[in-house]
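Student: Fit chains W, S and D to the given chain F structure using the hints.
Chains as they are written, first to last, in UniProt numbering: chain F, 1 to 386; chain W, 1 to 386; chain S, 1 to 386; chain D, 1 to 386.
It cannot be assumed that every hint is accurate.
[Claimed, not checked] Only some residues are given here: those of chain W computed to face chain D with a beta carbon under 10 Å:
| no. | residue |
| --- | --- |
| 1 | L118 |
| 2 | L122 |
| 3 | E165 |
[Claimed, not checked] FRET-style restraints, in silico, Cβ to Cβ:
| no. | chain 1 | residue 1 | chain 2 | residue 2 | range |
| --- | --- | --- | --- | --- | --- |
| 4 | F | S316 | D | A36 | 56 to 62 Å |
| 5 | W | D157 | D | D99 | 52 to 58 Å |
| 6 | F | D98 | D | D129 | 32 to 38 Å |
The hints are simulated quantities; they were obtained by calculation from the structure and are not laboratory data.
The structure displayed is predicted, hence computed values, not measured ones.
Quick reminder that beta carbons are idealized off the backbone N, C-alpha and C, glycines included.
Number of protein chains: 4
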Amino acid sequence: MTDLAAVKAALKTQAVETPSWAYGNSGTRFKVFAQAGVPRTAQEKLQDAAKVHEFTGVAPTVALHIPWDRVDDYTALAKYAEERGVRLGAVNSNTFQDDDYRLGSICHPDAAVRRKALGHLLECVDIMDATGSRDLKLWFADGTNYPGQDDIRARQDRLAEGLAEVYARLGDGQRMLLEYKFFEPAFYTTDVPDWGTAYAHCLKLGPKAQVVVDTGHHAPGTNIEFIVATLLREERLGGFDFNSRFYADDDLMVGAADPFQLFRIMYEVVRGGGLSARVAFMLDQCHNIEAKIPAIIRSVMNVQEATAKALLVDRSALAAAQAAGDVLDANAVLMDAYNTDVRPLLRQVREEMGRDPDPLAAYRRSGWAEKVVAERVGGRQAGWDA
Amino acid sequence: MTDLAAVKAALKTQAVETPSWAYGNSGTRFKVFAQAGVPRTAQEKLQDAAKVHEFTGVAPTVALHIPWDRVDDYTALAKYAEERGVRLGAVNSNTFQDDDYRLGSICHPDAAVRRKALGHLLECVDIMDATGSRDLKLWFADGTNYPGQDDIRARQDRLAEGLAEVYARLGDGQRMLLEYKFFEPAFYTTDVPDWGTAYAHCLKLGPKAQVVVDTGHHAPGTNIEFIVATLLREERLGGFDFNSRFYADDDLMVGAADPFQLFRIMYEVVRGGGLSARVAFMLDQCHNIEAKIPAIIRSVMNVQEATAKALLVDRSALAAAQAAGDVLDANAVLMDAYNTDVRPLLRQVREEMGRDPDPLAAYRRSGWAEKVVAERVGGRQAGWDA
Amino acid sequence: MTDLAAVKAALKTQAVETPSWAYGNSGTRFKVFAQAGVPRTAQEKLQDAAKVHEFTGVAPTVALHIPWDRVDDYTALAKYAEERGVRLGAVNSNTFQDDDYRLGSICHPDAAVRRKALGHLLECVDIMDATGSRDLKLWFADGTNYPGQDDIRARQDRLAEGLAEVYARLGDGQRMLLEYKFFEPAFYTTDVPDWGTAYAHCLKLGPKAQVVVDTGHHAPGTNIEFIVATLLREERLGGFDFNSRFYADDDLMVGAADPFQLFRIMYEVVRGGGLSARVAFMLDQCHNIEAKIPAIIRSVMNVQEATAKALLVDRSALAAAQAAGDVLDANAVLMDAYNTDVRPLLRQVREEMGRDPDPLAAYRRSGWAEKVVAERVGGRQAGWDA
Amino acid sequence: MTDLAAVKAALKTQAVETPSWAYGNSGTRFKVFAQAGVPRTAQEKLQDAAKVHEFTGVAPTVALHIPWDRVDDYTALAKYAEERGVRLGAVNSNTFQDDDYRLGSICHPDAAVRRKALGHLLECVDIMDATGSRDLKLWFADGTNYPGQDDIRARQDRLAEGLAEVYARLGDGQRMLLEYKFFEPAFYTTDVPDWGTAYAHCLKLGPKAQVVVDTGHHAPGTNIEFIVATLLREERLGGFDFNSRFYADDDLMVGAADPFQLFRIMYEVVRGGGLSARVAFMLDQCHNIEAKIPAIIRSVMNVQEATAKALLVDRSALAAAQAAGDVLDANAVLMDAYNTDVRPLLRQVREEMGRDPDPLAAYRRSGWAEKVVAERVGGRQAGWDA
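Just chain F, with the same shape it has in the complex (with noise of 0.2 Å):
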């Protein structure tokens, strides 16, 4: 037996949050499509992250991108954010994109581009400083595309010496997530391409090095609830990227591929006591081909959803079946839960939160996007400027 009132209130304080880059154009090497009405700035993303976290309730936060966000004061920043209701969250450093970057960052051979890209690290935290943000997530584009290209033992080390230099860092109350990725940019080797070097780096670094889980970054059949379980384990659980992909990192809307995965996720979090602040949930995602705000808003619910979904299993019926050996059984119980439609319930979650049942519907009603295409002429539209 689930205890609703405990569901329900559990759906209540979740907290997703949005990346400030979702809002921007998108795409592929192929081509970036734009998209009429997008942010020419951060404060033009905020003001769009606000209104997912209007109509959804539950994604009261934007992590920030440098230096697709950089402004001059990030103080004020924050606080044209919380005028609008939401808050700064997360600071992601981007060092990919610099000429210097094209063999690395802080695996790069020339210890001159390690230094600088340190020093954009270091440049996060000081953001940090003044957003008041808790997370530094670092994700690397390091790695080679040839057999020889490199040192790959070399390069690990390099790359322990410049994360100790941030972990060092770090204030009270600061935190630093580390990303892993199968692979993409790099094309042979990738300098953090699984959870276990990410874990390996954050044990030698401190309990303040977390690591983070993209759900796109991954190998093939890769049993990503397994290293959400083991991570949570080890208390290195830092994070989620959230998204989709039937294929490579394809950033497509979480739960758009593989809802069943989602929710085995979300019950891997729910299970071992990650649906806390402790663990971030961000989203990380592409809307190269569909309408921004509304495929955040969607994929919002769709976290949503898969949370109601693993909050409303029989974890005592499961425990007993499990302990009775008892593989369909134990089986069904998780998927009575999965089974189950919860847009019932989170609609009715919603109305108790004083939010509209059907975030879309409110949304489109609202003229926003409308809105938005009128009055963003102009400028430069934000986006990835690769």
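Tutor: Just chains W, S and D, lined up with the frame of chain F:
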């Protein structure tokens, strides 16, 4: 016993087509790293391609990409190429970079977009008439990112209709090479995702429609040499887009990731009678971080080395071991050829062709790299314009 | 708007064929865990299959595997089945377990082995004559483990020759279903590795030759619903071998690993007019560690649930969103159907069919499991005899 | 410049351990093809292994598998081996073939089963005491087939507990090698699925716990040499189980599927100082369709060839090119070594070691194959007993 004279004769007549776009800038969605000296015009790309042929002796043609290589006078462009010792090869269409193509081109749900795409394809045949190119290479980025986004089957109907119109326009001696790709930039369905789909369409179109195998466009673990053998048996192998990959469509130098696979592919080509003008051997690569011209020279040499090894297979010994069901001996015959160091043989072949035995060293000595860096200043470097 | 009466009518006429071998023991190369009560004869397998039909109402036929189900009198076996409320379905050949088949069967380099295999296939058609089966299901373990081991193309020639002889033997109303498989037990080449190869052979044989899609037999990431849509469009989809997998050919319960994929497949079946007698819906699973009969009941229910959801898709709303190019709305229409809890509807359908609304509970109450454990003592349990 | 004398010296001291089970019958879940002359006892396996060492000179030890090699007197078995010129190597445990292990062994939900499995593991250490083996190789088939079947995290707790008990039992100079595997026979979760999990457990256990890398146990596309470099850097690489694969855990001859990958792995071994007694180089293969002893000889030679090429890499030239950021030159230095035909060098090494330069020819001439076929008649051939 292999006939060394025949091997050398085959190697001397080998022809690898280099793609104009490989001489320009390329990158990933994260960053395009520009390189000094990169061509700014179709003519400058032909200059570079002529250098590759000058030093290898086996790269006599250059593939064009429209609109990246659009010029006012294609007859003049063909003449420009010939004056530098090369010829224009396949014409590659582009139906993925116009804003109208966000949801596809000839598979798009809107008939107006389909007509526009078709117009471009027919324009490409016009260009072939002017350049004397034999092959129209068709790669479609068409597909969908989300389940339900469009009707899978209706898109096939539209595809068939569009291809039929292009096919009808082909002149005598002209061919359509239909390329398939597992995924990217579409992330849920791709309208021509595998050789079976390309083959089924070609069958209905007629003998001028042939399948092109891009070695980086397959699901993980796919046995590409099996596809090559099958398409040769079906007389539907039109050509190759050579490159190599560890992960997805990485577009690394052919032979760089799995030289043994390249050898197995070339063995099936030799065994199936495909080492002839009927099959187009083309490169399709991106030299994102390495120097472009030497990378292309190296790629051509890699194809040569794999071909030489394939030609050295003792086919009568192989047939005998196969007929006897001797697994280890049959494998050993193949491996003997693969394990042979064919570089001395190829140096000899080059000398007999009046070329330098070491193309890379000769290229370096030529001063071309320094010359273009000095001269190609200003203007807009060629690239994918994504 | 979906027509609920039509949905229920379609669900009532659905037919899922269960495989005789799924009632016997199975396992991996590491271990076969025997289960108490497992059938020892073809007749006992039919008893179990009859129970599955009794409790689900939609599993009226049973696939045979020769020689595992070899009996002296197939007419009597058919009668035995009918007396228990089921009928004999497809006949599955086995050309992989005789010592002669170490290097293949109808693709073997030795003509004597090929003749032996052909003899077995023709015997299977004789059995079909006796059982009244419509479909001969052909899966070939043929392939090679090492490069060079045999000639890829010659094996295709042998395959074509053998299939042609079998095809010529088919009577009116009989069909040949050709199954493809990515790999296993062959580990380098498989002679029918993908749908394209199966399709190409079927095309040459004639309309009685149809492709069968085993949902576990694809490369990682392959879009199976695309293949289903394509084969239906080509009128070459003969049927399914349903199961599910996370990795290779895991043969888990259908719908257990990726229920959303199963739904997408069933949607393409519905959309392509494949929910008809023309397409055989068969299970092909291994219940290595779970109780077999309940696992098969559960699998049948999983197919029903996916079918119900597919039937509930609001196709006119979907078509409208697709035509408008509204990516999110089109996706949402599909997801609405998927997110619906169809279990109440199916309980109602079962009641209207005069069955228990909860097949698993009814089966458990029936005491069949205890009965067969008590009675099926001694003798040799059925299995793969590997 | 490489020091040829040093290369030869290294090659002469190389040691590849062959596994007793590779001399017995093996197969897939579909069929085990028995071969004439296969050993019936542990002693006969040692006879065959001694032949492999006799003809290669670099296969001085033989891995045991308990219970497949269970004997009454292990001291006598060790003596038997030594009399034939070989020694007993790693002891491999088996906790997957007893009926009790259907749902796992030391991760099983039932404490009684866990105790039984633990008893077996401790027995293996007893055997090591008798045989003088240094390494206990632990591979666990533990895992689950269905979501919900068991609690992922609780299984990790049980695993940690069991490993700790075994670790405590290890004597001075004894080690525990923990093997990970992506999947099979478990098809949903595997309790030690990747190097990260094995590493995390080893870290907690202590320095005698080391990770073993089976080259066939990774997700598609995984960069194995990166893992090797990382584990060497972490001083946690205990050894290899060598084999090769195109798809899953195919267990083909090492070097047969991707000889370039094997070279890259051996290069990281050489570069990381792993070509020492600290790392155990073991084969773990299945010769399902090919003659076993020659296949093992060939495998040993393949490891030698890859090692020779790795040793021939001009490391100072490589370091210079890497430091200069010259992608193509650095890659070329590596490829130069790979493209070298090292077979003449290895023939010379063998002659200097007093062995025949051509191990396979020498083995064939020896008449051993004919002798064992004639003599090993009757009894029960060794195999996996699955």
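Student: Tell me, in ascending order, the numbers of any earlier hints that this structure violates.
Tutor: Hints 1, 2, 3 and 6 not satisfied by this model.
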